[in-house]
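Each chain, written out:
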Amino acid sequence: MNKTSTKSTPGSEYLIDEFAPALKRGPQWLRKRRRVLRQEFNSTPLPHRGLHTWRYTNPNKFLIKHDTVLDTAFGNGYNAVEKVELTHLEQGHLSGLVTDHGGQEIKFHGLEELSEKGIVVTTLSEAVSRHQEIVERYLYQLVNGKTGKFEAMNGALFNDGIFIHVPNGQTVEKPLHLLHEAGRENSAHFHRVLIVVGKNAELTVIDEYGGGASDIDQGVSYTNSAVEIFGSEESRVRYVLLQRQAAAAHLYLTHRARIERGATMLTIPLSFGASTSKQNFGVTLNGEGAESKMYGLLFGSGHQHFDNHTLHHHVAGRTTSNIDFKVALRDRAVSAYTGLIRIEKGAKACEAYQENRNLLLNKGVKAETIPELEILNEDVKCSHGATIGPIDPLSVFYLTSRGIPQNEAVQMIVSGFAESTLKQIPENLKERITDSVAQRLEDI
Amino acid sequence: MSDSAKQPNSDLTNLNSDYATKYGFRDPVDYFHKGAKGINHEVVEMISKLKKEPRWMTDRRHEALDMFFSKPIPQWGNTALLNEIDFQNIYYFVKPVEEMSKDWDDVPEYIKKTFDRLGIPEAEKKFLGGVSAQYESEVVYHSMRDDLKKQGVIFLSMDSGLHEQEEIVRKYFGTVVPPTDNKFAALNTAVWSGGSFIYVPPGLDVKIPLQAYFRINIENMGQFERTLIIADKGSRVHYIEGCTAPIYSTESLHAAVVEVIALEGAYIRYTTIQNWARNIFNLVTKRASAYRNATVEWIDGNIGSRLSMKYPCIQLMGEGAKAEVLSVAFAGIDQHQDAGAKVIHAAPNTSSRITSKSISKDNGRASYRGLVKIYKNAVNSKASVECDALLIGEEARSDTYPTMEIDNDQVKVEHEARVSKVAEEQLFYLTSRGLTEDEARLLIVNGFMEPFTKELPMEYAVELNRLIELEMEGTVG
Chain A
1 MNKTSTKSTP GSEYLIDEFA PALKRGPQWL RKRRRVLRQE FNSTPLPHRG LHTWRYTNPN
61 KFLIKHDTVL DTAFGNGYNA VEKVELTHLE QGHLSGLVTD HGGQEIKFHG LEELSEKGIV
121 VTTLSEAVSR HQEIVERYLY QLVNGKTGKF EAMNGALFND GIFIHVPNGQ TVEKPLHLLH
181 EAGRENSAHF HRVLIVVGKN AELTVIDEYG GGASDIDQGV SYTNSAVEIF GSEESRVRYV
241 LLQRQAAAAH LYLTHRARIE RGATMLTIPL SFGASTSKQN FGVTLNGEGA ESKMYGLLFG
301 SGHQHFDNHT LHHHVAGRTT SNIDFKVALR DRAVSAYTGL IRIEKGAKAC EAYQENRNLL
361 LNKGVKAETI PELEILNEDV KCSHGATIGP IDPLSVFYLT SRGIPQNEAV QMIVSGFAES
421 TLKQIPENLK ERITDSVAQR LEDI
Chain B
1 MSDSAKQPNS DLTNLNSDYA TKYGFRDPVD YFHKGAKGIN HEVVEMISKL KKEPRWMTDR
61 RHEALDMFFS KPIPQWGNTA LLNEIDFQNI YYFVKPVEEM SKDWDDVPEY IKKTFDRLGI
121 PEAEKKFLGG VSAQYESEVV YHSMRDDLKK QGVIFLSMDS GLHEQEEIVR KYFGTVVPPT
181 DNKFAALNTA VWSGGSFIYV PPGLDVKIPL QAYFRINIEN MGQFERTLII ADKGSRVHYI
241 EGCTAPIYST ESLHAAVVEV IALEGAYIRY TTIQNWARNI FNLVTKRASA YRNATVEWID
301 GNIGSRLSMK YPCIQLMGEG AKAEVLSVAF AGIDQHQDAG AKVIHAAPNT SSRITSKSIS
361 KDNGRASYRG LVKIYKNAVN SKASVECDAL LIGEEARSDT YPTMEIDNDQ VKVEHEARVS
421 KVAEEQLFYL TSRGLTEDEA RLLIVNGFME PFTKELPMEY AVELNRLIEL EMEGTVG
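Just so you know, the sequences run in chain order A and B. Here the numbering used here is used: the first residue of the first sequence is 1, the next is one more, and so on. Here the numbering used here is used: the first residue of the second sequence is 1, the next is one more, and so on.
In short, the hints are calculated from the structure, not lab data. Note that the structure is a prediction, hence the values are computed from the model and not measured. Among the hints, erroneous ones may be present.
Derived DSSO-like pairs: lysine-lysine, alpha-carbon spacing no greater than 27 Å straight-line [said to hold, decoys possible]: (1) A/Lys423 with A/Lys293; (2) B/Lys421 with A/Lys345; (3) A/Lys363 with B/Lys382.
Just a few of them, taken from the derived set where beta-carbon distance is under 10 Å, the chain B residues facing chain A [to be verified]: (4) Arg365; (5) Glu405; (6) Asn408; (7) Gln410; (8) Val411; (9) Lys421; (10) Glu425.
Cβ atoms here follow ideal geometry from the backbone N, Cα and C, with glycine treated the same way.
Please put together the full structure from these sequences, using the hints given.
Structure representation (C-alpha cells):
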C-alpha cells in the first residue's frame with residue numbers, strides 16, 4: 001500500500017487557543033459547540049492547493065492571526081451609504097434597516113411594523129437566549145466544520161450577527177436591509193447571519209458588506225462571514241448579497257441555504273469590492289418542487305482578486321435550479337469561478353442549468369471558469385455553458401457609428417450584459433448598483 | 001430495420017463473458033526474463049542493462065525514479081481507487097522473448113496465437129502501413145511496408161529507436177512530457193519499455209495508418225510503454241493504437257507516456273481505442289506540441305479498464321496551430337472513465353476544439369475533466385469545448401469538470417455541456433415503428449457516438465459499434 005505524504009502548507013500550524021475569549025461567548029450549549037468547532041478547525045489542515053476550489057486563491061489570505069487583530073473604533077454617526085439607506089427607509093422603500101459596525105455596535109431601525117407581525121430581527125447574541133429553541137435547532141446546521149476549515153473558524157469565533165425569523169404565513173413585503181461595516185486595518189470580524197423563514201412565508205433580505213481596510217500599506221482587514229438560510233415548505237425568499245468592501249479588505253464568506261417542498265429561493269450575489277474575496281453560495285433543494293435561482297454579477301477593477309463558488313445540490317426529486325453568473329473585468333482584475341451542480345441518486349426528474357459569462361474589458365485581466373456537473377441518476381435534464389471573451393468590437397463599432405462616444409458605447413454594452421441580473425434587484429438598490437457599475441466604466 | 005440495430009446473439013448476455021473469450025484469454029507463462037515484483041534503483045539498473053542502453057538514458061531513469069518516489073499520488077480524481085495501487089506488488093519488467101521479430105513466423109507460437117486471435121496480422125495485411133505488437137514489456141513483432149521505408153519513414157519500437165536513432169531520441173525524449181510532470185510520468189521515465197518511435201521526413205504524406213497493439217498477459221503486470229512521434233515540416237501521419245488484457249482478480253497498471261511533436265505545417269492524428277480488461281489501471285500521460293500552422297488531433301476512445309485517467313494534451317506553440325480532441329468514454333459496471341483533454345494556447349491565432357461524448361451505464365461513472373489555457377500572448381485565439389453525456393440506468397453517474405483559464409482579452413472561448421438520458425420521445429418514436437426497446441436504445445446510442453465512429457478507419461468503427469452493441473445488450477430494466 002502506498003502512503004502519500006501530505007506536504008505541510010505554511011500557516012497550517014496556526015491553532016485557535018483554548019483560552020480565546022470568543023469561546024466563552026453565549027450560553028452553555030453554544031460555548032460547548034464553539035469548543036468542538038475550535039477542535040475541528042485545529043485538526044483540519046489548510047485546504048490543499050491541488051483542489052480545484054483552492055487552485056486560484058491562497059488560503060493563507062484568510063488565516064486570521066489573533067495577534068494582528070485590533071478592535072477598531074468606528075466613526076461617530078453614520079457614513080454616506082448608511083445615510084442613503086436611512087433615507088430609503090424613511091421614504092418607505094425598506095421594511096427595516098440594520099446597521100452593524102464590526103459586530104460591536106448593531107442598531108435596528110424601523111422594525112416596529114415587523115415586530116407587530118411577530119417577525120424577529122435581532123442580534124444573534126440576543127437570539128441565543130431569547131429564541132434559544134429555534135437558534136439551537138438551526139445554528140451551524142448548514143455552515144459548520146464539515147463545510148471547511150474557515151467555516152469551523154467562524155463557528156468557533158463569531159462575535160455576533162443577525163438573526164431573522166419569519167413565522168409561518170407571514171410576509172415581509174419590502175426588503176429588509178442589513179448593512180455591515182467592517183473595521184479598518186488589522187481588524188478582524190467574524191460575522192454570522194441566521195435566517196429562518198416559516199411555511200408559506202415570504203422575505204427579501206439585502207445583506208451588504210462595506211468598510212474594511214483601504215490602504216494596503218497600513219495592513220489588511222479580515223472578514224469571515226457565515227450565512228445560513230432555511231426556507232420552509234412553500235416559502236419564498238429573496239437574498240441579495242452586496243459585497244463592496246474597501247481596497248485592502250480580505251473577505252471569506254460562505255452562504256448556504258436549504259429549501260423544502262414547493263419553496264422558492266432567489267439568490268443574487270453582487271461582488272464589487274475587497275482586495276481578495278472568496279465567496280461560496282450554495283442552495284440545497286431538499287423537497288419536491290423546490291426551485292432555486294441564482295443571478296450573480298461581479299465587476300472587478302484595479303488588482304482585485306475574486307474567487308466565487310456556487311453549488312446547487314438536488315437532494316429531492318422534481319426540483320429545478322438555474323444559475324446565471326456574470327463577470328466583467330478590467331485593469332488587472334482576476335476572477336475565478338467554480339460552480340457545481342450535483343444531482344443525487346434519488347433525485348429524479350430534476351432540471352438544472354448553469355451559465356457563466358465573462359466579459360474581458362482590456363488586456364491584463366484573467367478569468368478562470370470551472371462549471372462542474374455531478375449527476376448520479378439518469379432521469380435529469382442538465383446543461384451548462386461558459387463563455388469568455390472581449391466586448392464584441394462590431395457592437396462598439398455599430399454604436400459609435402451612430403454618434404455614441406466610445407466609452408458610452410462600452411457602458412451600454414456592459415449594462416446590457418448585466419441586465420439579466422440587475423432586473424432581479426429591488427428597485428432602490430438597483431439604482432445604487434447601476435451607478436457604481438457606471439462609475440467603474442467612466443474612464444474606460 | 002437498420003443493420004446496426006440488429007440484436008447481438010442471445011448467447012452474448014454480457015460483456016465480461018465475451019471479453020473473456022475474445023480478449024480475456026491468458027497465455028501460458030514462459031518468459032525469457034521475468035524479474036521480481038517491486039520497484040527500486042536495482043530494477044531500473046537491470047532494465048537499462050538488459051536493454052544495453054547508453055549511460056545518459058540510464059541516468060535519466062534513475063533521476064526519474066527519485067522523482068517518482070518523492071511525488072505524492074494525485075490528490076484529485078478518484079483518490080479512493082488510486083490509493084489502492086500497490087506499487088510493490090507489480091512486475092515492472094517482463095521480457096517475453098529474447099529478440100524482436102520482423103517476420104511473423106519467428107514469433108513464438110503462443111504469442112502469435114494471441115495476436116492472431118486479436119486479428120492483428122489480418123489488419124496489417126488489409127489496411128496498415130506498419131505494425132508494432134507489444135507483449136508485456138517489449139515489442140515482439142514489428143514490421144513496416146517497404147515503400148514507406150524507402151521514403152524515409154522511420155517506424156521502430158522505442159527500444160530500437162533509441163539504438164538506431166539515438167540523436168533524435170536524445171533531442172526530443174522527455175521534452176514534451178518531462179518526468180517532473182506527474183508521478184506516473186516519472187514512473188514511466190524510470191522503467192519505460194517498448195512503445196513506438198516514429199519519424200516522418202519533411203513533406204511526406206503517409207497515406208496509410210501506422211499501428212501499434214499493446215497486450216498485457218500476466219497478472220500484476222505493469223506496462224510502461226513510451227512513444228515518441230515526430231512529424232517533420234509539412235508531413236502527415238496517422239497513428240493508431242489498441243490494447244487488451246486478460247481478466248484477473250487483482251489489478252495491473254498501464255502507465256504510458258506519449259510524446260508527439262508536429263513541426264511547422266505538419267499534421268498528426270493519433271487514434272486510441274483503449275479496451276483494457278476491467279482490472280487495469282490506465283494512467284497515461286499523452287501530450288503533443290504543435291508548431292506554426294501544424295495540426296494535432298487526438299481521437300481517444302476509452303471503453304475498457306477499471307480506472308482510466310487520461311487527458312490528451314496539445315500545446316499550441318506556434319502561430320496558426322490547431323488542436324482537435326475527440327474523446328469518447330463508455331463506463332460500464334464498476335468502471336470509472338476519468339477522461340478529457342487539455343489545450344494550451346501559447347501562440348497567437350491558434351484554435352482548438354474539444355468534443356467529449358460519454359455514456360455511463362449500470363453503476364459506471366464517466367467524468368470529463370479538461371483544461372483550456374490561453375496565455376497572454378495568444379491573441380486572436382479561439383477555443384470551444386463541448387461535452388455530451390448520456391446516462392443509462394439508475395446507478396449511472398456523470399461528472400463534468402472543465403477548467404478554462406484565460407489571461408487575455410482578445411480571445412473567444414466557449415464551453416457547453418449537456419447531460420441527459422435516452423429521450424422517451426425518441427424511444428417512443430422508434431418502438432412505434434416496430435423496433436424493440438433494446439434495438440431502439442442501441443440505435444440512439446449509435447447515433448450519439450456517430451461523430452466519433454465516423455472518424456475511425458472502417459474496421460475500427462465496425463469493431464467499436466460491435467463493442468457498444470455488447471455493452472448495450474440487455475439494458476432495458
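Hint-by-hint comparison with the structure:
Restraint check for lysine 423 of chain A and lysine 293 of chain A: satisfied, since their Cα atoms lie roughly 13 Å apart, inside the 27 Å limit. Distance hint between lysine 421 of chain B and lysine 345 of chain A is fulfilled; the C-alpha atoms sit about 14 Å from each other, no more than 27 Å. Between lysine 363 of chain A and lysine 382 of chain B the CA atoms are separated by roughly 16 Å; this keeps the pair inside 27 Å, and the hint holds. The beta carbon of arginine 365 of chain B is positioned within 10 Å of a beta carbon in chain A (closest approach about 9 Å), and the interface hint is therefore held.
A cut of 10 Å between beta carbons decides the hint on glutamate 405 of chain B: the least distance to chain A is about 5 Å, and the hint holds. Taken as an interface hint, asparagine 408 of chain B checks out: its beta carbon lies about 7 Å from the nearest beta carbon of chain A, inside 10 Å. For glutamine 410 of chain B, the interface hint holds, the least distance from its beta-carbon to any beta-carbon of chain A being 6 Å, beneath 10 Å. Interface restraint check for valine 411 of chain B: the shortest CB-CB distance to chain A comes to about 6 Å, inside 10 Å, so the restraint holds.
The interface hint given for lysine 421 of chain B holds, since its Cβ lies 4 Å from the closest Cβ of chain A, which is under the 10 Å cut-off. Interface restraint check: glutamate 425 of chain B against chain A, minimum CB-CB distance 13 Å, threshold 10 Å, status violated.
In terms of the numbered hints stated before, the structure departs from hint 10 and from no other.
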